[in-house]
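Residue numbers (the numbering used here), protein chains in the order written: chain C, 1 to 240; chain W, 1 to 240; chain S, 1 to 225; chain G, 1 to 225; chain H, 1 to 239.
You may find that some hints are simply not true.
Sample of chain G residues facing chain W (criterion: CB under 8 Å; computed from the structure) [what the hints assert, rightly or not]: (1) L2; (2) D3; (3) S4; (4) A118; (5) G122; (6) R128; (7) S129; (8) L132; (9) S133; (10) D140; (11) I141; (12) Q145; (13) N149; (14) P152; (15) G155.
Between beta-carbon pairs, the in silico distance windows are [what the hints assert, rightly or not]: (16) H:E78 x S:S91: 49 to 57 Å; (17) G:S4 x S:Q121: 45 to 53 Å; (18) S:E11 x G:E12: 43 to 51 Å; (19) W:S36 x C:K26: 34 to 42 Å; (20) S:L58 x W:D131: 25 to 33 Å; (21) C:A166 x G:I69: 43 to 51 Å; (22) W:D131 x G:V135: 23 to 31 Å; (23) S:Q90 x G:V38: 40 to 48 Å.
Hints are computed from structural coordinates only; laboratory data are not their basis. Where a beta carbon is used, it is the ideal one built from N, C-alpha and C, also for glycine.
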Amino acid sequence: MIDVKNLHKYFGSLEVLKGIDCHIDKGECVCVIGPSGSGKSTFLRCLNLLETPTKGDIVIDDMHLTEKNFDVDAMRKRVGMVFQHFNLFPHLTILENVTLAPIRHKMMTEEQAKEKAMELLNRVGVGDKADNYPAQLSGGQKQRVAIARSLALSPEVMLFDEPTSALDPEMVGEVLEVMKQLAKEGMTMVVVTHEMGFAREVANRVFFMDGGGILEEGTPEQIFDHPQEERTKTFLSKVL
Amino acid sequence: MIDVKNLHKYFGSLEVLKGIDCHIDKGECVCVIGPSGSGKSTFLRCLNLLETPTKGDIVIDDMHLTEKNFDVDAMRKRVGMVFQHFNLFPHLTILENVTLAPIRHKMMTEEQAKEKAMELLNRVGVGDKADNYPAQLSGGQKQRVAIARSLALSPEVMLFDEPTSALDPEMVGEVLEVMKQLAKEGMTMVVVTHEMGFAREVANRVFFMDGGGILEEGTPEQIFDHPQEERTKTFLSKVL
Amino acid sequence: MLDSFYTAFIEEQRYLLYLDGLKMTILVSVIAIIIGVVLGTLLALMRLTAEQKGKSTLLSKIAYVYIDIIRGTPTLTQLMIMYFVILKGQSGLLVGSLTFGLNSAAYVAEIIRAGIQAVDQGQMEGGRSLGLSYVQTMKDIILPQAIKNILPALGNEFIVLVKETSILGYVAIVDLTKVSDFVISRIFEALAPLLGTALIYYVIVKFLTLGLNALERRLRQSDRR
Amino acid sequence: MLDSFYTAFIEEQRYLLYLDGLKMTILVSVIAIIIGVVLGTLLALMRLTAEQKGKSTLLSKIAYVYIDIIRGTPTLTQLMIMYFVILKGQSGLLVGSLTFGLNSAAYVAEIIRAGIQAVDQGQMEGGRSLGLSYVQTMKDIILPQAIKNILPALGNEFIVLVKETSILGYVAIVDLTKVSDFVISRIFEALAPLLGTALIYYVIVKFLTLGLNALERRLRQSDRR
Amino acid sequence: AESKVPDKLIVGTNAEFPPFEYMNDKKQPEGFDIAMIKEIGKRMGKKVEIKNMEFKSLIGAMESDSINAIIAGMTKTEKREKAVDFSDSYYTTNQAIILKKDSKITKLAQLDGKKIGVQEGTTGDLISSGDKFGDGKKAKVLVKGAKVKRFKKGVDAVMDLKNGSVDAVVIDELTANEFVKKNAKKLKIVIDSAGSEYYCIALTKGNTAYKEEVNKQIKAIKEDGTYDKLKAKYIDSKN
Ligand SMILES: Nc1ncnc2c1ncn2[C@@H]1O[C@H](COP(=O)(O)OP(=O)(O)OP(=O)(O)O)[C@@H](O)[C@H]1O
Ligand SMILES: Nc1ncnc2c1ncn2[C@@H]1O[C@H](COP(=O)(O)OP(=O)(O)OP(=O)(O)O)[C@@H](O)[C@H]1O
Ligand SMILES: [Mg+2]
Ligand SMILES: [Mg+2]
Numbered sequence: 001m002i003d004v005k006n007l008h009k010y011f012g013s014l015e016v017l018k019g020i021d022c023h024i025d026k027g028e029c030v031c032v033i034g035p036s037g038s039g040k041s042t043f044l045r046c047l048n049l050l051e052t053p054t055k056g057d058i059v060i061d062d063m064h065l066t067e068k069n070f071d072v073d074a075m076r077k078r079v080g081m082v083f084q085h086f087n088l089f090p091h092l093t094i095l096e097n098v099t100l101a102p103i104r105h106k107m108m109t110e111e112q113a114k115e116k117a118m119e120l121l122n123r124v125g126v127g128d129k130a131d132n133y134p135a136q137l138s139g140g141q142k143q144r145v146a147i148a149r150s151l152a153l154s155p156e157v158m159l160f161d162e163p164t165s166a167l168d169p170e171m172v173g174e175v176l177e178v179m180k181q182l183a184k185e186g187m188t189m190v191v192v193t194h195e196m197g198f199a200r201e202v203a204n205r206v207f208f209m210d211g212g213g214i215l216e217e218g219t220p221e222q223i224f225d226h227p228q229e230e231r232t233k234t235f236l237s238k239v240l
Numbered sequence: 001m002i003d004v005k006n007l008h009k010y011f012g013s014l015e016v017l018k019g020i021d022c023h024i025d026k027g028e029c030v031c032v033i034g035p036s037g038s039g040k041s042t043f044l045r046c047l048n049l050l051e052t053p054t055k056g057d058i059v060i061d062d063m064h065l066t067e068k069n070f071d072v073d074a075m076r077k078r079v080g081m082v083f084q085h086f087n088l089f090p091h092l093t094i095l096e097n098v099t100l101a102p103i104r105h106k107m108m109t110e111e112q113a114k115e116k117a118m119e120l121l122n123r124v125g126v127g128d129k130a131d132n133y134p135a136q137l138s139g140g141q142k143q144r145v146a147i148a149r150s151l152a153l154s155p156e157v158m159l160f161d162e163p164t165s166a167l168d169p170e171m172v173g174e175v176l177e178v179m180k181q182l183a184k185e186g187m188t189m190v191v192v193t194h195e196m197g198f199a200r201e202v203a204n205r206v207f208f209m210d211g212g213g214i215l216e217e218g219t220p221e222q223i224f225d226h227p228q229e230e231r232t233k234t235f236l237s238k239v240l
Numbered sequence: 001m002l003d004s005f006y007t008a009f010i011e012e013q014r015y016l017l018y019l020d021g022l023k024m025t026i027l028v029s030v031i032a033i034i035i036g037v038v039l040g041t042l043l044a045l046m047r048l049t050a051e052q053k054g055k056s057t058l059l060s061k062i063a064y065v066y067i068d069i070i071r072g073t074p075t076l077t078q079l080m081i082m083y084f085v086i087l088k089g090q091s092g093l094l095v096g097s098l099t100f101g102l103n104s105a106a107y108v109a110e111i112i113r114a115g116i117q118a119v120d121q122g123q124m125e126g127g128r129s130l131g132l133s134y135v136q137t138m139k140d141i142i143l144p145q146a147i148k149n150i151l152p153a154l155g156n157e158f159i160v161l162v163k164e165t166s167i168l169g170y171v172a173i174v175d176l177t178k179v180s181d182f183v184i185s186r187i188f189e190a191l192a193p194l195l196g197t198a199l200i201y202y203v204i205v206k207f208l209t210l211g212l213n214a215l216e217r218r219l220r221q222s223d224r225r
Numbered sequence: 001m002l003d004s005f006y007t008a009f010i011e012e013q014r015y016l017l018y019l020d021g022l023k024m025t026i027l028v029s030v031i032a033i034i035i036g037v038v039l040g041t042l043l044a045l046m047r048l049t050a051e052q053k054g055k056s057t058l059l060s061k062i063a064y065v066y067i068d069i070i071r072g073t074p075t076l077t078q079l080m081i082m083y084f085v086i087l088k089g090q091s092g093l094l095v096g097s098l099t100f101g102l103n104s105a106a107y108v109a110e111i112i113r114a115g116i117q118a119v120d121q122g123q124m125e126g127g128r129s130l131g132l133s134y135v136q137t138m139k140d141i142i143l144p145q146a147i148k149n150i151l152p153a154l155g156n157e158f159i160v161l162v163k164e165t166s167i168l169g170y171v172a173i174v175d176l177t178k179v180s181d182f183v184i185s186r187i188f189e190a191l192a193p194l195l196g197t198a199l200i201y202y203v204i205v206k207f208l209t210l211g212l213n214a215l216e217r218r219l220r221q222s223d224r225r
Numbered sequence: 001a002e003s004k005v006p007d008k009l010i011v012g013t014n015a016e017f018p019p020f021e022y023m024n025d026k027k028q029p030e031g032f033d034i035a036m037i038k039e040i041g042k043r044m045g046k047k048v049e050i051k052n053m054e055f056k057s058l059i060g061a062m063e064s065d066s067i068n069a070i071i072a073g074m075t076k077t078e079k080r081e082k083a084v085d086f087s088d089s090y091y092t093t094n095q096a097i098i099l100k101k102d103s104k105i106t107k108l109a110q111l112d113g114k115k116i117g118v119q120e121g122t123t124g125d126l127i128s129s130g131d132k133f134g135d136g137k138k139a140k141v142l143v144k145g146a147k148v149k150r151f152k153k154g155v156d157a158v159m160d161l162k163n164g165s166v167d168a169v170v171i172d173e174l175t176a177n178e179f180v181k182k183n184a185k186k187l188k189i190v191i192d193s194a195g196s197e198y199y200c201i202a203l204t205k206g207n208t209a210y211k212e213e214v215n216k217q218i219k220a221i222k223e224d225g226t227y228d229k230l231k232a233k234y235i236d237s238k239n
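Chain C on its own, in the form it takes in the complex (with noise of 0.2 Å):
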C-alpha cells in the first residue's frame, strides 16, 4: 500500500530525514514513536505532501508521490490527515467543517454531504454539537471532529500527527477509542504517538526514529519488551 525508497528531507541545508525506507501493507496500523526533533512529523507530513521530499520515493497504491506534475490534491482526498492542534475551521460550524471538502470536491450533493457528516459526528460521539461553533467544544471533542472531517472524504489511509498530546488527560481516552474503533474496521493508518499504552494495544508495527531514520521496527512485544537499540532503551527507560 504505502512504499517509502531512501526519502531524504532538508530544511535549508538541515538534513531532517537521513534516508527512510519502509513499507506497510493495506490494513495495518503503524505507530511512530521518538524522541522530539527526530523527524517523526516530517516523515508523516512527506507521506501526504505537506512537506516535499528532497530526494528518494513514495508510493501509495497506485499513485507515485514524487512523480512531475503529480495531482497533488486528488492525493489528499485520498490520504486523510489527523493534527495536534485539530487545525478545525473556526469561523464554520462542526457540520460546515465536515461537509466543507466533499461539496467542494462535488463528491455529493449538499444534502448527501449533511447526511454523511451527521452519520461520521454520531460514530464519533459529536453528533449533538453538529451546529455548534470549534470553540465552543472541549479539546477531545475537537479531535473527533477532526476525525470525522477526515473521514468524510472516505480516505484509504489515515495519518495522525500526536493526535492526543494538546488534550487534558481525561479527554485523551475518548479519542483513543475512536482511533482504535477506525483500526479494527481495517484503516490504514500510520500514527505518530507518545500514547505508548495505545501503541502496545492497537498498533500492527512500532517504528523507533531517532536522529532522521527508522532505528528500529517490529511488533509493540518486540520494541516495548525486547527493545535492541541502545537509544530505544534509554527513550523507553524515560518514557514509560
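Since chain C is already given, all that's left is putting chains W, S, G and H with the ligands on it; use the hints.
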C-alpha cells in the same frame, strides 16, 4: 502555614469556587487533582492573589491576604509561583530572568544575585544555559529555569500549576525530579498536576477538586487506592 | 461666534454648497474604498506568492514595487500627476476616486497581507490536507478568518482616506474642504468654516467607525463560547 | 525634460531653497515623532488603566476622547486652529512640531496599546508573581517586548507623518513642498519640481524604513534559536 | 481699534506672486510690493517685518492681530473692506484672459456660462464667480453663470487650460504674460479694461491715523520719482 476559610470566587455571575476550606502545614507537599474546569487553577491563583477572592479568608503564615490594603508585592516575594507555560521573559537571558526580581527588590547586589542565580541554575541542571535566551531552550529546561527564578527570592511557599503538562513526555521526568528534590528539602508546596505517579510518590496529601470545591482529600493511598466518592472513582478510572 | 456660524453656513444658502462638497467627499471616499479593497486584496495575494514559493516571484516583485512607490510619495503628488498627466480632462469624481483608490490599495494590501499571515498556519494545512486547492482554501478558510483581524486596521485606513480626500481641492475638485476654503475666501473669516467642517468630518468618521465596529461584532459571532 | 529639471533645481542655486525646505520637513518630523511617541505612550497607558481595573477610569476616558477627536478631524484643520487660534504669532517650527506631535500621539497611542495587549498575558502575571509592581513589570518586561511588535506599525505612522507635513505650507511654514510651490510659481512649470520633490520624499521615507528595519532586526535578536 | 500708528509694521504677504512678491535666492521675500512697503516704513521711521503666508490666510491674520499691514497685490473690494481698511491705490493692473490660440473670445462678458480656471481667492476668482467687481457704486457683475474651477496655484489653472479642461483662465496681466511666454505656440492673452483693478495696502480696520500716514508716504513716493525707479527695477524689466 496556609489557612483557607470559606473561599468563594465568582467570574461575573459564574461561581467557580464554592466555598473552600483547608489547612496546609509548613513543609507539606499537597497535590491538587481533578477534572478540567473544576477550579484547580483558580484556587491556586487565589493563594497568591493573581485572582482576587470574592469572599472568604486566606492566611499564609502571618499574612492576612484578604485584608484591606494588604501588601500584595511583599507577599509574592514569599510565595513563589510556577506556571504551565513557564512565562519566562523572552527578551532577557536565562541569567537575567533569574536575577531581575532580586535586583529590583534590592534584596542583594547584582553580584550576589548573579552568584545565587548561578547556584540555583546549576542546582536545576541548566547552569550552562545562563547566557542563552529562553527561545533556545527545550520545554523542560525552560520550566526548570522558571523554578530557579522563583527560588531566587527564597520563598517560603511554592505554587505549581500543571508544571509539566506543556512538556514533551521525555522532559516531564527531569522537571518532576527537581520538584521532588524541593519537597524533600522541606519546601511547602501546592501542586496542581495530572501526574498521578508524582502525586503518589511525593505528596503528603492529595485534594480532589470537582465543581468548585474540594470533594475529597487524604493521603495518596486513600485517594488513589480507596477513593470514597463516585466522581473521584470515575475520574481516576479515566486518568490512570 | 453664533454670528460667524450664521455667515459661514446659512447666509446666501451656503449650506447648499457644503452639501455638494459633502457629496463629493463621500462619493470619492466610497468608490476609492471599493477600488482599494479589491486591488489591495489582489496585491496582497501577489505578495504572498513569495511566501508560498519560499522565494520572491515576478508577481510579488511587481506588487512590492507598486506598494513601495505609492507609499513612498505624497498623495498630493499622485493626485496632481493623475489629474494633469494621466487622466487629463476627465471628471473630478473619476480622477479623485481613482487616485485615492490606487493609493489606498497599497496600504490595504499590507494590512490584508499581515491579516492573512496572522491566521494560524495550521488553517492552510487543514484546508490543503482535505484536498482543497490553494485558491479554494484562501477563499473559504483563510480570508473569512483574516477579515476579522484586519477590520480594525482597515477601519483606520478608511478613516485616513476620508480625511485625506481634503486635498482634492488642489486640483479644483470641489469637496468639503474646498467648499470651506471657498467660503473663507469670501467671508474673510476662517474659524467658523474650519470648526464647522471639522465637525462634519468628525461625524463622517464616527459613522464609519460605528459601522465597522458593528460589522466586527457580527464577524466575531463564531468566537462566542 | 532635463532642461526643466535644470531650471527647477540648479538654476539660480535653487537647490539651496530645497535644502532649507528639507531641513524644516525633517526637523518638524523628528520633533513631532519624539512628542508623538512620548505622549502616545502616556495615552496608551492611560487607556490601559481601564483594562487593569476592568472598567473605564477617568484617565482612560480622557485619553479616549483625546484620541477620538484628533483622529476624527483633518490634520489640516488642527494645523490651522493651532496657527491662527492657539499659538498665534509663534514660530513655524514650534507650530508645526507641536501640531504634528499632538496629532501623531493619538495614532501612536492606539498602536502602542495594541502592542502591549498583544504581549502574552502570562508575562504580566510572570512579573507580578515575582513581586514586581505593575509599573516595574510594564517597564522592564511588557514594553521591551511590545516594542518589537509595535515597530512596523509605528514605522507606518512615521512615514505617514513625514508625508503629511507637506500641508505645512498652508500656514506659511516653508517645508519641502512649500519650496516646490515657490519654484513652480517662479518658473511657471509644475512637472519637474513635483517629480523632483516626490523623489526626495521617497528617499526620506526609504531611509526611515531601512533604519526601522535595522532596529527591528536588532530587537529580534532574542528570538534567534 | 485705537487710532495710533503702530511701532512696527508687521506686514503679511504671499511670496508667490512675482514680480510683486516672491522668494529671492537668499530665501527672503522680494519684489515690487516688498520694496514699496520697506520704503514706506523707512520714511515713517518704523521697522518693517515681513511675514509670508497663504494668500487666503492674510485677512484672517490681520483680524487676529498677527499682522498690521498686508501688501500682496491685493485689490480693494467691497467685501474685503468689511474686514480691513485700504490705503490709496499704489498700482493699477488689468485682469487678463488666457485662451487657447484658436479661441474667439475677446472680452470678459463672452465668458458667461463658460468653464473658467482661476487661482483660488484672487480677483480672477471673484470676477469669474459672478461677484460684483469694482469700487463702491460702480461695482457690477462682469461674468455670469460661469463654471469656475479654483486651483491653489495659477500654474495649475493654465495647465488645465492646455489640457482643454477649461475654456479660459482669468488672472493678473503680469502673471498671464509669463505663462503665455512659456507657451507661446498654444496660448494667447486678451485684456479687458473692465477688469482693471487697484492694488492697495490693507491696514488694521478703523485705525485712521495709521491709514493717513501710509497714504501720505505713498503720495510722496509717487511724487519724488522713487516710484518709477522701483517700477522700472521690478516690473518693467521683467516684461
Ligand atoms: N519548517 C521547518 N524549517 C526548518 N526546520 C524544521 C522545520 N520543520 C521541522 N524542522 C526541524 O526538523 C527537525 C525534525 O522536526 P520534526 O517536527 O519532524 O520532529 P518530531 O520528531 O516531529 O518532533 P516532536 O516530537 O517535537 O514533534 C527538528 O530539528 C526541527 O527543528
Ligand atoms: N478569567 C476568567 N473569566 C471567566 N471565567 C473563568 C476565568 N478563568 C477561569 N474561568 C472559568 O472558571 C472555571 C474553572 O477554571 P479553572 O481554570 O480554575 O479550572 P481548572 O480546574 O484549572 O481546569 P484545567 O484543568 O482545564 O486547567 C472554568 O469554567 C473556567 O471557564
Ligand atoms: Mg512532531
Ligand atoms: Mg488549570
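Each hint tested on the structure:
no. : hint                        : verdict
1   : L2                          : violated, 52 Å
2   : D3                          : violated, 56 Å
3   : S4                          : violated, 52 Å
4   : A118                        : violated, 13 Å
5   : G122                        : holds, 4 Å
6   : R128                        : holds, 7 Å
7   : S129                        : holds, 4 Å
8   : L132                        : holds, 6 Å
9   : S133                        : holds, 6 Å
10  : D140                        : holds, 7 Å
11  : I141                        : holds, 5 Å
12  : Q145                        : holds, 5 Å
13  : N149                        : violated, 12 Å
14  : P152                        : violated, 17 Å
15  : G155                        : violated, 20 Å
16  : H:E78 x S:S91: 49 to 57 Å   : violated, 35 Å
17  : G:S4 x S:Q121: 45 to 53 Å   : holds, 52 Å
18  : S:E11 x G:E12: 43 to 51 Å   : holds, 46 Å
19  : W:S36 x C:K26: 34 to 42 Å   : holds, 38 Å
20  : S:L58 x W:D131: 25 to 33 Å  : violated, 44 Å
21  : C:A166 x G:I69: 43 to 51 Å  : holds, 46 Å
22  : W:D131 x G:V135: 23 to 31 Å : holds, 28 Å
23  : S:Q90 x G:V38: 40 to 48 Å   : holds, 45 Å
Hints 1, 2, 3, 4, 13, 14, 15, 16, 20, counting from the list given before, are not met by this structure.
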